[in-house]
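**Q** The lines below spell out each chain.
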Amino acid sequence: MASIIVDNQAYTVDERQNLLAACLGIGLNLPYFCWHPAMGSVGACRQCAVKQFKDEHDRCGRLVMACMTSASDGTRISIDDPEAKAFRASIIEWLMVNHPHDCPVCDEGGECHLQDMTVMTGHVYRRYRFPKRTYRNQDLGPFIRHEMNRCIQCYRCVRFYRDYAGGRDLNVFGAHDALYFGREQDGTLENEFSGNLVEVCPTGVFTDKTLFHHYTRKWDLQSAQSICPHCSLGCNTTPGERYGILRRITNRFNSEVNGYFICDRGRFGYEYVNSDNRIKRALLRPELDRTKPAKPEGVPQILGVAADRLRRARGIVGIGSPRASLEANVALRSLVGPHQFFLGIDEYEHKLLSTILNILRNGPVPSASIHDAEQSDAVFVLGEDLLNDAPRLALALLQSVRQQPMERVDELKIPRWDEVAARNAVQDRRGPLFVAGYRRTWFHDYATDSYFAAPDDIARLGFAVAGTIGADAPSVPELTNEVRGLAQRIADALTQARRPLIIAGMGSGSQATIEAAANVAWALRQRGKQPRLSFVLPDCNSLGLALLGGESLNGAFDSISQGKADTVIVLENDLYRRAEQARVDAIFDAAKTVIVIDSLEHRTTAHADVLLPAATYSESDGTLVNQEGRAQRFYRVFVPDGDITESWRWARDLAHAKSQETEGSTGVATWRNFDDAVAGTAAAVPELARIGEVAPSADFRVAGQKVPRQPDRYSGRTSLLSHLTVHEPRPPTDPDTPLAFSMEGYRGPIPSPLIPQFWSPGWNSIQALNKYQDEIGGPLRNEMPGLRLIEPVATKAPFWFTAVPPPFKSTPHRWLLLPLSAVFGGEELSCRSQAIAERMSEPFISLHPSDGARLSLEDGRTIELALQRTTYRLAVHFDPSIPAGTAGLFLVPDGSGLRLPVWVDLSEAIKTGRKRRVA
Amino acid sequence: MLTDIERHELEAAVKHYPDKRAGAIDALLIVQRRRGWISDDSVLDIAQFLGMTGEDVDSIATFYNLIFRKPVGRHVAFVCDSISCWIMGYEQVCARIKERYEIEPGQTTRDGRLTFLPIACLGHCERAPAMMIDQDVYGCVTPDKVESIVEKYR
Amino acid sequence: MERPLTQYIHPDGPPRWLPEYLKGGGYRSLQTFAAGMAPQDLQRLVAEAGLRGRGGAGFPTANKWSFVPMGSDAPKPKYIVANADEMEPGTFKDRVLLEGEPHGLVESMIIAGYALEAEVGFIFLRGEYHRSAERLTQAIAEAYVEGYLGKPLPGTEFRFDLHLHASAGRYICGEETALLNALEGKRAIPRAKPPFPQTVGLWGQPTIVQNVETLYNLPHIVNHGSAWYRGLSRSKDGGTKIYGISGRVTHPGWWELPFGTTARELLEQHAGGMVNGASFRGLLPGGASTAFLTEQQLDLAMDYSSIPPEVGRLGTGTMIVLDDQTCPVGFVLNLEKFFARESCGWCTPCREGLPWVARILESFEEGRATHDDLALLEMHAKFLAPGHTFCALAPGATAPLQSALKYFRDDFMQHISSGSCPWSRKQKRERVLV
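So the protein sequences, as listed, match chains A, B and C. Heads up: the first sequence at position 333 corresponds to 333 in this note's numbering, and the numbers run straight through without jumps. Heads up: the second sequence at position 141 corresponds to 141 in this note's numbering, and the numbers run straight through without jumps. Heads up: the third sequence at position 29 corresponds to 29 in this note's numbering, and the numbers run straight through without jumps.
There could be a bad hint or two in this list.
[Unchecked claim] With a straight-line Cα cutoff of 25 Å, these simulated SDA-like cross-link-like pairs (lysine to any residue) come out: (1) A:Lys809 x A:Lys771; (2) C:Lys186 x B:Pro18; (3) B:Lys15 x C:Glu142; (4) B:Lys70 x B:Cys94; (5) A:Lys85 x A:Met96; (6) A:Lys771 x A:Asp81; (7) A:Lys85 x C:Arg159; (8) C:Lys382 x A:Arg126; (9) C:Lys23 x C:Thr137; (10) C:Lys193 x A:Glu15; (11) A:Lys132 x B:Glu102; (12) A:Lys413 x C:Arg159; (13) A:Lys796 x A:Arg126; (14) A:Lys911 x A:Glu838; (15) C:Lys193 x A:Glu407; (16) B:Lys20 x C:Arg159; (17) A:Lys413 x C:Ala62; (18) B:Lys145 x B:Gln135; (19) B:Lys15 x A:Lys796; (20) B:Lys145 x B:Glu102; (21) C:Lys76 x C:Glu99.
[Said to hold, decoys possible] Derived contacts from chain B toward chain A, CB cut-off under 10 Å, selection only: (22) Asp26; (23) Gly36; (24) Thr53; (25) Thr62; (26) Phe63; (27) Leu66; (28) Asp144; (29) Glu147.
What the hints contain is simulated information worked out from the structure, not anything from laboratory work. For each residue, glycine too, the CB sits at the ideal point set by N, CA and C.
All chains, full assembly: derive it from the sequences and hints.
**A** Given below as structure tokens:
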């Protein structure tokens, strides 16, 4: 720690910081633009100038840039020095020379860092009286709007997009005062993290195009903490709502999880909430006659009919969901009883998930948070397409490859925050990142070595690495020299690292790669290393569901088909995505009553006799467990229209209706509020016992007050409904959380899950986050970053997996079809959002060019492929990274209940589109 | 598409750099020498050769003033507009060029023969005003000498 | 008077190619390596000679070298870069050397390489110096054939490779760290210092960037020793200096003279005084980024030790003379337009401040300036100071502005009061409120 003096006040700060971060951490106001806590200092904007003095006798001092000066012991500076203040005001004056002052029509207005900094420096009157430069804007695709005239040339956009996120289609052009930040030509920004530009840009050059379509100022947005439901990583977000429409998603800082950035699926995938396909009314099929469509009916009547059916049922099965909250799943489990509760995932997925849970629970190696992944200095990825299945983790790994070269930066005594110097010292050196998979993406450009092979061969590589590292770990027979050499290199890199990370998951559908990953991690642990494991899972609550325990969907289907049950309740799940169409059809036919609780129409809801409209994540409270095993709370942002309510409440109401005639109801029927739901969930299985600690309970108050979801300046509350009524309606009450649907309440330090959105006086942009941290870039004050539910016992002995698969062998007539994912389209809910839909590719099949030739196919042609009684229209992609003898299949997510991998005779299955054979 | 000759020259130019991308400026100059200017297609050709994106290459191309991202004439007349030449009357030289060839700085004659560009100090200050046509430098240029100099470049 | 650097240079004739160069003692300096001169000895010799960098800053060369890691533990490779990006307005001394004696640079680079155990050299040449490029290319080719480059020097294990890089323009490339970025094929944006190029330079490796004229001194120091070299000078700084003068003087040109020659001698004896009808008002001693010297300062010795910092600095030693027929405001306007155009666009004060300054000066010339504009110019002169901006470009740009505001204030005022430029024959324009 260092002692520094700022304006004659002594402070103790971390000397590894620069003065800007140190001053902000102390809570002082010092304006800045180009510096970013996650991207370091480059000294471009010159906005954070302070006066530095040599010692207490130095009266003159000199201006230095706080962001480019170390907070070393004994540093004396002044922020209030008149010359420093005048210089900072001049910087704003210079930046304003060409700025259009179009705040009233700018989407950034009201949360603009440039506005804030302008006010902070006191620059008011314009002295520049010459013409301003203007630019032509570009169409950057469905996510981002571009307005170059507002640009203040801080270079943050290109630094984020290129240096941090690995994007290559955005750059700076020109020189002197004629700079342009954009693409070479108009076109969609390709990088998976482009949406962060909206927050990284200190003014309105890059703004959220989806927000633009239903624009609302930040001060008019009602917000609360949320957890992204669009993959298994559990990034924290802040959704904003007005007039019952979800307007946008912004990143929400969580030091352990997503830090400052989220992916575009997470940011732009929200619009399904506003979709026309939302189920808003409870529906009942008249007389439960399957020939008639379900119709809206009063909720009490529907519940009455449903309860009646449940009471008379021969047996009920409840089908849970990996995308529903713990509370919703537990509610259903309680309604139907643990033995009639099924996990809502198929047998194979269940097996893989159970294997992963077993590894995390009973092995000696802990799981990695995204923050851990960022800090890793050697990474081995087995079979996962991170960029498409867990994008934020891929972004973390782009930072992890800087860890090892940073040691050279330390040796040269370059402070790590000195971004330009560090990059010059590092050049293109990258730390070890080994990626084994079966499809190349740009992420592989960052890999030390990439290995493209079928899952079994990837697993063999993993087992070989484990065998090389660990004395006891099983070794692999019949390795080629090439693979043996690669395994040795990976083993060396991992054993030399301080914080090695092994990543696998369910993306390739391979049990063996999961087991191989565990062996590698355990072998490292056995050698005394501190490895971590990370498994990518299919859904936002896959692990939470697995923790609840229960049988797979197969069990539910068997119950019904064997006549043990005739009533089925499906929770937030489209069963047609999980099983063959014919099988699901048969189940629904066999069931006497089908009750479905969900938010969006899909093929399963079409079969509902009773359809209950579920609240989405932004309309409900709940707990999700991410792939790390971290339980996190999401809060209701707004109260939706119609009959929509939380899934757990529907289960509660069903239970209540069902049991109202019997005395002394128990379980979910007794839940009055969300705290009861949490308590019920905590009691469900021992590993969930502590989930009450994830966030404060509903009775949490500060100074007797709740926390308002609406900002101080939330406008027009009295006129929101003035076209309908002159009376201001009472705001909805919230019995479930310490939050209120109101402007009134406590504003001050509160535990992080309760922070509605980040704001501080004078700091209206997302940069207000600084005011919530003691150390800039570090945890939030009162941070509750979620609760890790699974911690391994490090002393446990590894239980080696020994099922090393034989080498993959291609066969003349059959191909192994492997699942391909996509960041846009690879997830069920987000792909029903307009902007995401525009970015989705058509379904396609990827083949090695040699296989393409064998099958008489042409690159780019469309074929029809018949699989399991369904015919798919697919574009043919030739991709040399796809291993010969396999084929990658990308289907839009609601397209199929096809379980991959599967062996298929493609020459049989391809119906049309092949070249005619020349005799 | 790069021609074989261009490709050959580019390969020779990037040879002594530890990183091929360091040859981006050399590559732009080489291709410009062959094609006169750097079109969007040329940017992409060079990008492909160097394993870069169009954005990567164009960011560099647009920074340097001797890379032409717009078509130029068969010959380029650079008139030094820096201090010594200003004192010695380069403005009169420019005025003559404008008048005689009907072009403003940055423009090309209608017959595509000559592009007129201002340029920073050519380093011939002792013989100011100076101008350079293509690769040839002329010192002590007066308005009356302009035509006889330019006439050498058809 | 000895002229070691330029004695064989004939401005309009061809340079000495290898046979002739060798005949005159060329590359003889390299024999001292085999005779036992170690790199450290060479560094010491350069220190004793008092060689200071001729690029403008006057930093002692040996001192600069001392930060380069040496010995077997030092990172490999190390680089030596000749800064031949001569683009400072009014400056043409390096061109004289490059065109006149190309082998001199090759020999100098080998010496510098040996002194720093750097095995690769680059000559970063401004794109407009086509003749220099041709001649350097031939000299380098000859040196490769003869084995001075690309092979271990006889009697040593030292082998040096030298490459010529033609730039694509931009003044900022002359800034040594921007030059490194340009050489790496990137946008020529300066880098933050520290770390200095001596430790983290080209491709992250230890690198010395040295001005052309500075390098040309090395063979002569090696051949004749430090005492001889110091004896060439009239001041504390060793050696000779190539001085130049442009503007309305009788004989504009360049001369290699003892370091420390006074401005008055240069102006009156060598340049033959002002042309008929013009009288002297001031001069910029070394390029556009130096402050004006006036009549009172003409007797100052033109070296790096004699000009008081509050007066100005020598810069490149190629002088631009302001006469009474030239508008000082227009003079500064021309400079500021240049600097505004050549700003790299990285830091705010330079990128936005310089074009503003240029526009204000333009309004002076158009007769539309007010006293507020004078205050704005002063604000810029004050705030575009060293340390306030990312590199030295903007502070260099304000050196002539600030000194002009000091020495020629009456002329600025006259522009305001008369509503026109007193030197302009143009019609007085209507005052328009903008």
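**Q** Would you mind marking each hint as holding or not holding in the structure?
**A** Status of each hint after checking the structure:
| no. | hint | verdict |
| --- | --- | --- |
| 1 | A:Lys809 x A:Lys771 | violated, 58 Å |
| 2 | C:Lys186 x B:Pro18 | holds, 14 Å |
| 3 | B:Lys15 x C:Glu142 | holds, 20 Å |
| 4 | B:Lys70 x B:Cys94 | holds, 21 Å |
| 5 | A:Lys85 x A:Met96 | holds, 17 Å |
| 6 | A:Lys771 x A:Asp81 | holds, 23 Å |
| 7 | A:Lys85 x C:Arg159 | violated, 55 Å |
| 8 | C:Lys382 x A:Arg126 | holds, 19 Å |
| 9 | C:Lys23 x C:Thr137 | holds, 21 Å |
| 10 | C:Lys193 x A:Glu15 | holds, 19 Å |
| 11 | A:Lys132 x B:Glu102 | violated, 29 Å |
| 12 | A:Lys413 x C:Arg159 | violated, 31 Å |
| 13 | A:Lys796 x A:Arg126 | violated, 69 Å |
| 14 | A:Lys911 x A:Glu838 | violated, 28 Å |
| 15 | C:Lys193 x A:Glu407 | holds, 19 Å |
| 16 | B:Lys20 x C:Arg159 | holds, 23 Å |
| 17 | A:Lys413 x C:Ala62 | holds, 23 Å |
| 18 | B:Lys145 x B:Gln135 | holds, 18 Å |
| 19 | B:Lys15 x A:Lys796 | violated, 55 Å |
| 20 | B:Lys145 x B:Glu102 | holds, 17 Å |
| 21 | C:Lys76 x C:Glu99 | violated, 32 Å |
| 22 | Asp26 | violated, 19 Å |
| 23 | Gly36 | violated, 20 Å |
| 24 | Thr53 | holds, 4 Å |
| 25 | Thr62 | holds, 4 Å |
| 26 | Phe63 | holds, 5 Å |
| 27 | Leu66 | violated, 12 Å |
| 28 | Asp144 | violated, 34 Å |
| 29 | Glu147 | violated, 33 Å |
In this structure, the earlier hints numbered 1, 7, 11, 12, 13, 14, 19, 21, 22, 23, 27, 28 and 29 are contradicted, and the remaining ones agree with it.
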